[in-house]
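Listed in order, the protein sequences are those of chains D and V.
Counting with the numbering used here, you get residues 506 to 818 for the letters of the first sequence.
Counting with the numbering used here, you get residues 11 to 407 for the letters of the second sequence.
You may find that some hints are simply not true.
Said to hold, decoys possible - To be clear about the criterion: a stretch of chain V counts as covered by chain D if any three or more of its residues have a C-beta under 8 Å from a C-beta of chain D, and this derived list gives those stretches:
hint, stretch
1, 313 to 325
2, 348 to 362
To be verified - Chain V residues, not near chain D, derived (Cβ > 10 Å throughout):
hint, residue
3, S40
4, R43
5, G97
6, T109
7, T111
8, G119
9, G140
10, P372
11, G375
12, R378
13, G388
Unchecked claim - Have a look at the derived ranges for each label pair, beta carbon to beta carbon:
hint, chain 1, residue 1, chain 2, residue 2, range
14, V, L135, D, D669, 37 to 47 Å
15, D, R750, V, V386, 50 to 60 Å
16, V, D397, D, S721, 35 to 45 Å
17, V, G353, D, G672, 39 to 49 Å
18, V, H355, D, D669, 37 to 47 Å
19, V, R378, D, V728, 34 to 44 Å
20, D, A722, V, Q340, 46 to 56 Å
21, V, P296, D, R750, 49 to 59 Å
22, D, V728, V, R98, 45 to 55 Å
23, V, P133, D, Q724, 31 to 41 Å
24, D, G666, V, A18, 35 to 45 Å
25, V, V307, D, R750, 48 to 58 Å
26, D, Q724, V, Q340, 27 to 37 Å
Hints listed in this document are in silico derivations from the structure and should not be mistaken for laboratory results.
C-beta atoms are modelled at their ideal positions from N, C-alpha and C, and glycine is treated no differently.
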Amino acid sequence: MMTEGTRRGCHLVARRAGGTQVRTSWGSATDRGLVRDVNEDALLAYPPVFLVADGMGGHDAGDLASRIAVEEFAQLAGQSAASADDVHACFVRTAARIRNEFTGGRQGGTTVAGVAVTEHEGGSYWLVFNVGDSRVYRWDGERLEQVSVDHSVVQELIDLGEIDGAGAETHPERHVLTRALGTGEAPEPDYWLLPAGLRDRFLICTDGLTRELAESALQDVLVSTSDPQDAAALLVRLALEHGARDNVSAVVVDVATSTGAHEDVHITVPRVDSDRGPQQPWDEMLDGATVPRLYAPGSSPSGARQHDEEDPS
Amino acid sequence: MSVPEYSAGDWTAIVRPGFVALLGPTAAESTVRDLWQATGEGVFAALALLARDGFAGLPPFALVSVDKRRVHAALRGDVEVVVDLDGRLETLRSGEVSTWTERVLEGVGSVAVQVDHPAADAPSLPLADGVVRASRVRVALAVADEAVEVVEEIDVLPAQVVEPADATNAIDAPAQPWSAEEQVELVPGPADATEPGTDTDPVPTEHADESGVVAAAEAFLTDSAFDEKHGTGTPTVPLSGASLDDHDGLTILSADLADIRDQLPSWAASEDVPGPFRAPQGAPMPARLVLSTGLVVPLDRAVLLGRAPQVARVSNRELPRLITVPSPQQDISRTHAEVRVEGDHVLVTDLDSTNGVHVARPGEGARRLHPGEPSVVGLDELVDLGDGVTFSLERGS
């Protein structure tokens, strides 16, 4: 069985002036839910970039589109920081690959929402990015704020003051996106730059989570569950308890507060506890794609290595 | 690239890779020439050279050697060194000492060496390597890309430490660009004795660790996660039975939206994204912003100034530069003002700051900008953000 340690990630991702550094720790979980046959969600949780992708178009297209997004963004993994141009290039490559690989009338696309550690004019910032209706929330120690703005018809109605949040949940057009990746047009992600705060915690999730859990429920979990992996797993489990009509994915990213001289760094290998037995291998199509990849319990996570890291500050 | 910039003046500036000296007008030509030759050995050697005729003959001077983000400065007389420490400016002066004052600072973003009270509007010109009459020399140390370079090139360091002769040769080569590699080579030297144990040892260890993590991560990703996908480039899922029925049937592709939108009222089909940031129009006038803190910011894209500026919902090409300015009294709001070029004009907007943005022409009273309204600000005007932070605008070269 996996131990607690292998389910959590921690890594130093960006250096700041004066030798201080921003460390992140994170956790992630995904599940195909109780209704759908296939998990078309994919997620990437490795510094400096954390994201979820919600594929659309059925199981030869939606899941492939979201996996292409994760593959392209994973090329940033291991960098100390990612610039806005780096991230934008990933969007462009993802859109181009979906266009080129989807032939014969297949149609698919994906949302992408996430956060990257970036350096801007010498300071450390969070670069939040979004196309579609997956979401990025920030908990700053005092309140939960939805940073990203959905690209959906319902959001446009809210912006116009035509409907409120409650109306959005029941609106017949609530699943109509106004932007996605892989729809033939040049990608148009929105960006936000937020100064990195020491108490920041981010939740990145697909609409399968926000459809089942109200914002107050998200906040309760984020406040009460300190370990990011436990928080991500609990959020997905709560969504399953609420019926999980869609695929559910969550990534929780913290600024690591540990200042110990040594920190074990684990490459995250999370999974949601479910009824799957240890003999049943993780199936990317059924269970969702993650980077780093998920391993079934009992199998040898050959790629997951531990590193001792000197704290230079 | 961080090519140093200088402004003309009466003093003599010697600019070499990783080294800047500003000597008072009384400095002899032979001193300048000898210093030009000796700069490879750092501040210590330069001090030894300047003091070779005893302390009585010392001209006023500022010597600055730069290594990555570490600055070693020595000052004497009416000259100051302004360093940007992560957005906080610190001004070094020699004070009431009969010899000179020395400081070593880590984490410096930029350093400006200048005579006391330099003319604020003197034009600034690039100078990679050379000797000029100057009142001010400014070097930017910190660029995110360069920090990455340092990580990758760190294995150069041990070799240079063992063979200091190599480092000297490299620095003597003329007209070298200010690469991070060369600045690393300046590390060994007696000047480091002022801060024992802070540099040469921890730095390689840290970098070695970092590259180890990166390599392991890359190996991990390559070995296990993507083999089948990268190897074949084909989908990993069966194509049979493909139908939209497998989807939940609720999420709709934006490709299908054209039809849907035809049935929607016109406001819902609008592509307008709300937000105060507009895309640049046409080829803008080259211009830059000069802060009272010494920072010079090109206006090739919009600039947001504030105590802790942030950006909400923009496209990639609209991403502005964020400039953090010090505000110990918190007079300056988090995101206080925006500056951008439109056509031949520079527009300054008060972003609903608490204490406002004031603009003054010399000899006239200050006017307060209307919040949220872009206002044209002239090259002869001074913009006051509060807490003593002002800026003016310059036409670029």
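Count the residues of the stretch 348 to 362 of chain V with a beta-carbon closer than 8 Å to any beta-carbon of chain D: does the count reach three?
-> Per the Cβ count (0), the hint is violated.
Beyond 10 Å from chain D, beta-carbon-wise, is S40(V)?
-> 39 Å, holds
Can the suggested window of 27 to 37 Å be confirmed for the beta-carbon pair Q724(D) and Q340(V)?
-> For Q340(V) against Q724(D), whose Cβ atoms are near 28 Å apart, the range 27 to 37 Å holds.
Could you say whether the range 31 to 41 Å given as a hint is met by the Cβ separation of P133(V) and Q724(D)?
-> 54 Å, violated
Starting from the hint 37 to 47 Å, judge whether the C-beta atoms of L135(V) and D669(D) obey it.
-> Hint violated: Cβ distance 58 Å, outside 37 to 47 Å.
Okay, the stretch 313 to 325 of chain V and chain D, do three or more residues pass the C-beta test at under 8 Å?
-> holds (count 8)
Exclusion check [G97(V) not at the chain D interface, CB over 10 Å] = 7 Å, violated
Evaluate the condition: distance from the CB of G119(V) to the nearest CB of chain D exceeds 10 Å.
-> 4 Å, violated
Should the hint that V728(D) and R98(V) are 45 to 55 Å apart at their CB atoms be regarded as holding?
-> 33 Å, violated
Determine whether the non-interface label on R378(V) survives the test: each CB of chain D must be over 10 Å from its CB.
-> Given that every Cβ of chain D is farther than 10 Å from that of R378(V), nearest at about 27 Å, it holds.
Please confirm whether G388(V) is truly not at the interface, meaning its C-beta sits more than 10 Å away from all C-beta atoms of chain D.
-> Consistent with the label, G388(V) stays out of reach of chain D, its closest Cβ about 26 Å off (over 10 Å).
Grab the minimum beta-carbon distance between T111(V) and chain D and tell me whether it stays above 10 Å.
-> 21 Å, holds
Hint violations for this structure: numbers 2, 5, 8, 14, 20, 22, 23, 24, all remaining hints satisfied.
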